[in-house]
Structure formats: structure tokens, C-alpha cells
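If you read the protein sequences in the order shown, they are chains A and B.
If you're matching positions, the first sequence starts at 1 in our numbering and goes up one per residue.
If you're matching positions, the second sequence starts at 1001 in our numbering and goes up one per residue.
Just so you know, the hints here were simulated from the structure itself, not pulled from any lab data.
These numbers were taken from a predicted model, which means no experiment stands behind them.
There could be a bad hint or two in this list.
Stated by the list, open to error - With a straight-line Cα cutoff of 30 Å, these simulated DSS-like cross-link-like pairs (lysine-lysine) come out:
hint: 1; chain 1: A; residue 1: Lys437; chain 2: A; residue 2: Lys377
hint: 2; chain 1: A; residue 1: Lys441; chain 2: A; residue 2: Lys389
hint: 3; chain 1: A; residue 1: Lys191; chain 2: B; residue 2: Lys1032
hint: 4; chain 1: B; residue 1: Lys1190; chain 2: A; residue 2: Lys392
hint: 5; chain 1: A; residue 1: Lys392; chain 2: A; residue 2: Lys483
hint: 6; chain 1: B; residue 1: Lys1032; chain 2: A; residue 2: Lys118
hint: 7; chain 1: B; residue 1: Lys1271; chain 2: A; residue 2: Lys178
hint: 8; chain 1: A; residue 1: Lys118; chain 2: B; residue 2: Lys1271
hint: 9; chain 1: A; residue 1: Lys713; chain 2: B; residue 2: Lys1205
Stated by the list, open to error - Rough simulated footprint, nothing fancy, chain B against chain A, three-plus residues with beta-carbon under 8 Å:
hint: 10; region: 233-247
hint: 11; region: 369-375
hint: 12; region: 492-499
hint: 13; region: 639-648
Note that the Cβ used here is the ideal one computed from N, Cα and C, for glycine as well.
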Amino acid sequence: MKSSKKELILSRTLAALAVAAMWSTVQAQEAPDIGPVAMPGPGTSVSVGVGVASGDERDRARFGMFNGLRRHDVNGLIGFRYEQPYNASGLGLKLEGRNLGLDNRELNFVYRRPGDVKVTADYSEITRHDPRTINTSLAGAGTTNPTVNPGGVLIAPGTGQNLNLELKRKGIGVGVEKWLTRDLQLEFAFKNEEKDGSRLFGRGFACSRYWADAGVCSSATANAWGVLMLPEPVDSVIRQIDARLNYASGPLVLSGGYYGSFYVNHNGSIRPTVNGPLGNQFTDTGTITNDAGLLSALALPVALQPDNQAHQLFVAGNYALTHSTRVNFKYAYTTARQDESFSGMGLTGAPGGRDNLGGRVDTTKAQVGFSTRPLQKLHVSGDVAYEKKDNKTPLDLYNAEPVCVPPAVFSSTTRSCSPASGTATRFYTNGNMSPKKYEAKLQGTYFLTPMYAAVLGANYEQEDFGQWTPTDVAGGVSGLKQKLNETGWRAELRRTASETFTGSVAYHQSRRKGDSPWLQPVNFVSTGGQTGVTEVSADQIYSRTAIFPFIYMDRERDKIRAIGNWTPMEKLSLQVFADRGIDRYHAPTDHGLRSFQMGTVSLDASYALSDAWKLSAFASRGRQTVDAGHSTGYDAILKDTATSFGFGVKGRPMGQLQVGADLTWLDDLLKYEQTADPTSSANATLLASTGGLPDVTYRLTRLNLYGEYALQKNAYVRLDYIHHRTYFNEWTYNFNGTPYLYSDNTTLDAKQRQTVNFIGATYVYKFQ
Amino acid sequence: MRQTFISLAAGLLFAALSAFAIQARAQALDSKVCQNCHEDKVKNFQSSVHGQNVPKTPQGAGGCTVCHNEGADEHVKNNGGSEIRNPGAKTANAEETNELCLGCHKGGSKRTHWDTSTHAERGNSCTSCHTMHQPDKVLTKLTQPEVCFKCHKQQRVEVNRMFRHPILEGKVVCSDCHNPHGSIGRALMKRDSVVETCYQCHAEKRGPFVHPHDPVTEDCTLCHNPHGTVADNMLKLRPPFLCHQCHTPHGGNIAVLRGQTGVGQAQITGKSGVNYTQGRGCLNCHTQIHGTNNPSATNPTPQFMLR
Chain A
1 MKSSKKELIL SRTLAALAVA AMWSTVQAQE APDIGPVAMP GPGTSVSVGV
51 GVASGDERDR ARFGMFNGLR RHDVNGLIGF RYEQPYNASG LGLKLEGRNL
101 GLDNRELNFV YRRPGDVKVT ADYSEITRHD PRTINTSLAG AGTTNPTVNP
151 GGVLIAPGTG QNLNLELKRK GIGVGVEKWL TRDLQLEFAF KNEEKDGSRL
201 FGRGFACSRY WADAGVCSSA TANAWGVLML PEPVDSVIRQ IDARLNYASG
251 PLVLSGGYYG SFYVNHNGSI RPTVNGPLGN QFTDTGTITN DAGLLSALAL
301 PVALQPDNQA HQLFVAGNYA LTHSTRVNFK YAYTTARQDE SFSGMGLTGA
351 PGGRDNLGGR VDTTKAQVGF STRPLQKLHV SGDVAYEKKD NKTPLDLYNA
401 EPVCVPPAVF SSTTRSCSPA SGTATRFYTN GNMSPKKYEA KLQGTYFLTP
451 MYAAVLGANY EQEDFGQWTP TDVAGGVSGL KQKLNETGWR AELRRTASET
501 FTGSVAYHQS RRKGDSPWLQ PVNFVSTGGQ TGVTEVSADQ IYSRTAIFPF
551 IYMDRERDKI RAIGNWTPME KLSLQVFADR GIDRYHAPTD HGLRSFQMGT
601 VSLDASYALS DAWKLSAFAS RGRQTVDAGH STGYDAILKD TATSFGFGVK
651 GRPMGQLQVG ADLTWLDDLL KYEQTADPTS SANATLLAST GGLPDVTYRL
701 TRLNLYGEYA LQKNAYVRLD YIHHRTYFNE WTYNFNGTPY LYSDNTTLDA
751 KQRQTVNFIG ATYVYKFQ
Chain B
1001 MRQTFISLAA GLLFAALSAF AIQARAQALD SKVCQNCHED KVKNFQSSVH
1051 GQNVPKTPQG AGGCTVCHNE GADEHVKNNG GSEIRNPGAK TANAEETNEL
1101 CLGCHKGGSK RTHWDTSTHA ERGNSCTSCH TMHQPDKVLT KLTQPEVCFK
1151 CHKQQRVEVN RMFRHPILEG KVVCSDCHNP HGSIGRALMK RDSVVETCYQ
1201 CHAEKRGPFV HPHDPVTEDC TLCHNPHGTV ADNMLKLRPP FLCHQCHTPH
1251 GGNIAVLRGQ TGVGQAQITG KSGVNYTQGR GCLNCHTQIH GTNNPSATNP
1301 TPQFMLR
């Protein structure tokens, strides 16, 4: 194929990258680019343009969540590339900038001599615009000292000020790869990422009888509670250093070095001022809360994430024992520490005058693997791995609970001690369990013919969560396990090395079982302050209403997966993909997670109408189903069905002109099928009355059109049009026009239907 | 000057040895000859790092025949009428293709675990993902996911969901979290485990905390699907359903919404149905769900991630 005289020796991506979200997921297998209308090449070029988006910030909330096009109607589309071709000594240099007019701009620099040295530097920004708009009277939102109800509770929801939360990340990275000798390479990378802004956060507290009896609050009435929206102030830095020496000579490849990760948070805690009264969703009926104890509890400091750091030393490698037998390995030792001063975070009340947690977790990980071909037709591989986390964090009495001192007993009905005079406060410690994990896998591939291979594999995993800290209390769960075993196998039939059809079908099964008795938490409150767990049999711990964490439950996993790639003719290729899996969970209860099912079917096609026109399309449907039972409230079948299709076309109607279109459509439907627990007639009545939770639908239609026209040999214009339409009927913050109200009548909302039309025009010029 | 000369000589010697190691029988064939029939492929090749006529590149080591060696002379003599070795062909043997590429690319730290990686065990070759004669989409952030989605269909749909990482915008790409060339982490994680991979950008979750939430240090994907979901924060399920999979809740409530028929004060109060279903759900009160470092032993203490 000959190229046009006006062929652009420019990078098409330079302009495309200037407009966010210009690529499409509509890519079938084997869909080649259209050809040489715009070929990449070294040189210096600039891209300057303007993009106009319809609507306002609320219309663009979902469209502009990450692409820098939410805030302004008109945006500059600016990019450049400076590329110095490799010179006689093999040195090349490239500097590229994209999205420079947007708040997700980035710069990349590469300087390299292949096989000798590579130096990179990059700068990147991205702002996440929260897709919902907040209406609130909160003063100091996004600071560490916000004030709730600065002028009293909002008279009516929606009468406060609108607030859009943003979280900006700015990252700088540098990297060096240098071959010091023929066999020895130094690799170094450093990244500094600053995070600044605020994100959705909050706090809540209910003054139950339990807490009222403990003196926390004075009233335990049904309305003595508060839920507040307090944006989390974010001002932090993550730094990473990765330095390693790599050795490669003959049969040995070795890599060893240091990886350090450092987190620094400039904010220690949120210390809100909470003014009463609270509306508590009954402002319209005149019911308000003004309990001084409750307001004080809500004003207690909320800890933000403390500074922490991790240091890892590691060695990894690969050794060829023979031409067909290789072993690989890795050993890594990591120590993670967290010792930020409590007082420095603005937190008080630590036990025994302790000023920091002294948190330390040392992790050792080792792995050895092999790959061999003992027979011409047989390939075998496998590995074993070991991981141990040694938690060296000291124990202290951080936890206080009101308990029932015998002869007083705890009433699960009133959630308080009877008589109330038997209530006292007792303390217990944090936990420092040290889990271990062993994993192994083995797989054999037998080549039945040059095209067909049969695969059989097995895997084993043992997890030991460690002994429960005897002075700690397991709260909120019905039982724990110390050890789990999982064994599995997989079989696959594969066809490869064919021009017309390749594919595979595979089945995988695994079974996870507890390898130790159930551990039943001692009821700290009703026993008057006893801690720890008790080993019990499944029969002893059985309860119809118990909820066991699913990571400790026995699990049967079955999965089947098939993929086929068919090229019936040179112009046409088809791909079909299907998988189906089910996890069944078992524990001594009738409730909790029972099963998780998933399945996907997908069909892709690409067709070359001619050398100048290519088509591609896909259709996909997947469903995930969770069957879980709440202990006493409901049984739920939760279904998420995602249907998606896409269509793409690229063409070159004339030498100077290239056009393309991508359409992506997604319909994601979530169903929440609740059934009231048979023991609760009240819930059955309520469920009948409410009709249950409505479906949630997220629907996306995105159409991208573009055209590139060569004005001259070294310049072209690009036009982009994006039609972005979403529908999202979530009830998280608003049901059918009735908003969820925070206690100060703060509300969150977003337009259910959002449509954005974006037009961009870019001029790209290459300096000659 | 002398040092430069020695370096250059050493470089050239190494390039020559590398080429020899790739395939001792490689015969240098001027790429101009190939260009006569394969113009686009050669031009694309020449604009890539491989195609630079400098030491330690295929072009520098002999051009097209460094990779397309067997049958090259006959191929040219017969005007393309006979077969030539093509490592990128569908019919190529994956192990032979990989061996060819690893002849130059075996060093560094990223491919030490290729042999036991899922990708290798599934019969993939380097050219399953990388292209030599077209711009290599894997190497550009904005186009890399297209390559991965050729096989990972479920993820292709998930990245279009409401709550997701900025993958569509090219700000987070597959290789930020996965090492497709092999690692010791599950699902080819870039770091040694899922949590350590997530800590690259979310190091604040590492702790350790005074009050930890154990699944956080076990596996982030117990609660999150990092490719995208239709629940805030990429949660796999909306609270309270997510939380109730593991936890005994307070009270036998069902999930209800403010404004629904039959929902009154009893369902809106405190820890009841509306307040654990709407807003941030259970997280309305259990706000520091990844763990809190609040040491206060004063009631109400921050245990259960309350503050």
C-alpha cells in the first residue's frame, strides 16, 4: 500500500490524547489500525485546539469526573511533542505534553540509548470531581475544623449552599535504568504524589440505652442520634523509592534491591464543632434533637490516617538449569511501621500515657518456581510460596465498654444491663495477630498434536490467621477460624498455532475447608468483661441467625471458561468468550452469604471492508448474583446484570482525510430482592408496604466521532465530537424525589439524566 | 576520547554478541530489500526503538533478519514465494517466539517470573500483546487496555461503570497494577500481593492502626472491584448488603428508603433501616472502615471504626 503525498509524519495520538476519553473500548481482536494516513515518527510537533462542552457542571458531573472537562464550558486542548531522533551514538530524546489546558495534564520525558541508559521523568495531574453536588450549611467544609449548623439547622433541605468536592493528585516521577557493565544494570525510580482536596466522609452516633447508662449521653430516646456529612480534608503525600541491581549473564538473571513507601498526612484529625439542634429527618414534623451529651460525642475528634512507611529488601531471579528447565525465585522482607504521635494528630485519651501505637508488621515472603519440558510434548511448571506477617505492635488497653457486672445481666432486647445499676466500664486491648500463608501449584501441558494441548493443574493453599489475641474482643461477628485449607484442580483443552481457529475450554474447581475449630467470641458485655475466643464445634456454635465472615466459611468453587478465535476469511475475525462460576459457602448457620454466581458471554467481530475501511463490534452480557441472608431481618438475592455493546468504524475516504466513529452502550441493572425473615412479621408488613428496594440502573451511551484532514504534509486538523449520555437512578441519596437527610439537613444529589455534547477542534503542526 | 572509544567498542561487541545469541545463523539483509514489498511494516519498524540503527537494537544488529532469519534468502530470491520465519504469525510456536525475544530482553527485573506466570501457562507469546510493525499499543497508556481487553472481556465492561479508576482517560492503566510478564502476587499483581499493589496509590490504608479492620490487610478485593462497579468507592455491593455478608447487624431491620410508603420514624431513627441503607450506609457511623488510629479509651471509644 502506498501512502498519500500528504501523509502525516505525526503522531495521531498527540491530538487524540489532548481530548480526554477519546479511545474506545470497541476493539475486537485483530483489529488493525487503518493505515498510514497518520504515522508516528520522530519530530517536533504542537497541537493546539479548543473544546466546547454543553451544559453546566451538574450536567457534566459524570462525563467530567476524571477528564478535566467538568468545570469549564470551554477548554484549551494543548499538547506538544519534541522528539530528537537517535543520533549516531544511539542517543534519543523525547518530551511530550498532553492535556496541558486541562486539570489532568501531564508531561513525559524520555532520554535513552537502547541497551545502555534510559532516563525518564514525568509529571501528572488528575482531579477527581465527585459526581454529586452537596447542599449544606456546613462551615469550613473540607477543613479539619468544620462547624455543623453554624446558624442553626437548615429550615428546609436544599436551602444551603452547593458544594462540589474535588480531590487532586499531582505526581512527579523520575527513573533511571543504566547498564553499568555488560551484565549489570542499575534501576532506580522515585515517585512523589501529592493528594489535596476533600472527599465524602462523615460520622454518626446513636445514643442507645447502652451508652446512656454509661453516661455518654443523657437521653436514650429514639431520636437521640446524629449522622453528619463532614468532608474528609485531604492533604497528604505518598513517596516511593525503588532501587535495584539487575544481573543477567548466561543462565542467571538476578534482581535485588530496596523498595520504600512513605505516607505523610498533613492532617491528623477532624475536630468538628456541632451545634444543636439536629433536624434528624423530622424537621418538617418539628421533632428535633438537642441532647448535649450526643452533641459532645459527635464533636469528639475523628482520627485521619496516620503517617506510615514500609521498607522492603528483596532478591528475585531466574536460572536456566538446562535449555528447557528454568527455576525462578523471590525472597522479600518488609517492615511496615506506624508510629505517628497521637498528640501530634490532635488525639487524646490514649491509655497509660502512650504517645503512639508503635505499630510494626514484618512480612517475609518467599517463592520458588520451576518450568521444564521433560518430554518434547510435555511442559510442566509449578511453584511454592510462603508468607508470614509478624505483627510486633505492642498491646495496650485502648478499648472501653460498658459491661454488666453480675448479678446484672445483659438484655439483648433492651441492649442494656438489667438492672441498670450493674453497668460498669471495663477495658481490653488491641490485637496483634500474625498470619501465615502457604501456597503451591503444579501444572502440566501435554501437546497432543502441534495444535492441540491438554492441560492439567492442581493448587493448594493453607492460611493460618494466627492465634487470637487473648486480651482482645472479636466484635460484630459470630465466629472465626484460625486455619483454612484450599485444594483445587483445573483442566483445559487448548488449540493454538492455527491461522483459522484458536481457543480453549477450561474447568476449575477448588474446595476450601476450615482446618481448625470455630472460635466463638466471648461476650464481653454479658460476661462482665471477659475477653478472647472459645474453641467450639460446629454443632456448638450453630445458630440459625449467626453471621460468619465469608473469608472463614467453607467454600466450593467451580468455574468454566471458554474462548474461541475464528478467522473464517482474511477480512473477518470473530471471537466468542464465555465463563460461568459459582461459589457456594457453608457455615453452621442458615444465614449469611450462601452463594456467589457469575457469568459472562461476549462476542467480538472485526471486518475489513477494504484497505481503507475497517469495522469492529462487540456484544457482551454478564451477571453476578449474591445470595445472602441478614441474621434476622431479610434474605436477599442481589443481581447485577450488565449488557453492553459497541461498534467502531475507521475509514479513509480520501488520501488526506481519515474518519472514525466509536459507539459504546452499557446498561447495568441491579436488583435487590429482599424477603423478610420468617420470624419477623413486622418486616414482612413493612416490605409489603414499601415494595422493597427499587432497581438501580446505570446506563451509558457514548458516541465518539473524529475526523483528521491533512492540510499539508506537516499539518492537519482534527475534529472530535463526543455525545455522552448517562442515566443513573440510584436511591443512595435520593428516592423518587425524597432526599436522604443528614441530621443538619444536608443533602446530596445528582441529575438522574445527564447529556453532554462535546466538540473539539485541534490543529497539529510538525516543525520541519 | 579513549574511554568513549572503549565504550563504543564494547557496545558494538555486545550488540554483535547479542545478535549472535539471538540466532547464530542470522544473515544481515538490508531492510531496504524488505521495504520493496513490506513498506508499511518497515517504516513502522524504523520509527520504533527496535528500528533505530544504533547498537543493541535489531536494526543495529542486522535488521529484519535478526528476527526473520530462517528462509530469508530464499524468500527474497523467490520474490516472497517461499516461507520466512515470522515470530508474530498465528502459527508461530509461542515458546520459540518468546525465546527469540528473551534473547535480548531477558535482563531487568520485570520478566524473572515469566516462566510460571499465568500468561505463559496459557500459551501466550510476546507477540500476543506486543506488535513490532505497528505502533505498540501496550506501550501507550491510552491504548494499552485495548490490548488487555482482547481476552479480559468482563473488565472491558466494568471500566465503563459509574465508579471506576480513570482507566478510560489513560491516567491509570492495567500495568500500573498488574505485571503481565509474571510476578509472585495473585492475578499477576505488580507488587507481591493485592494489598501491597493498592498501597502504591492508597498507602494511607496500610496502617497498622489502633483499631484495624482485618480484611483490609488481607485483600482489598474482598470489598472492592478495582475495575469498576455501580456502588460508591468501587464497592462490590452497596452497604448494608456488603457488610452483612460478614457481620451480625444491630437489629432485625430490612433495607428501606426515606420516602417509601410505610417508612416512619422507627425506620429512620439511629441505627435502623434508612440510616444503614442510604447515604454511606453502615459507613455513616462506622466511618473509618479501613481502620482508625484514634487511641481514646474514653467512652464512646473509637472501636468499630466509629471515629
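Verification of the supplied hints:
no., hint, verdict
1, Lys437/A - Lys377/A, "34 Å, violated"
2, Lys441/A - Lys389/A, "21 Å, holds"
3, Lys191/A - Lys1032/B, "43 Å, violated"
4, Lys1190/B - Lys392/A, "27 Å, holds"
5, Lys392/A - Lys483/A, "21 Å, holds"
6, Lys1032/B - Lys118/A, "29 Å, holds"
7, Lys1271/B - Lys178/A, "59 Å, violated"
8, Lys118/A - Lys1271/B, "57 Å, violated"
9, Lys713/A - Lys1205/B, "52 Å, violated"
10, 233-247, "holds (count 5)"
11, 369-375, "holds (count 3)"
12, 492-499, "holds (count 5)"
13, 639-648, "holds (count 3)"
Comparing the model with each numbered hint stated earlier shows that hints 1, 3, 7, 8 and 9 do not hold.
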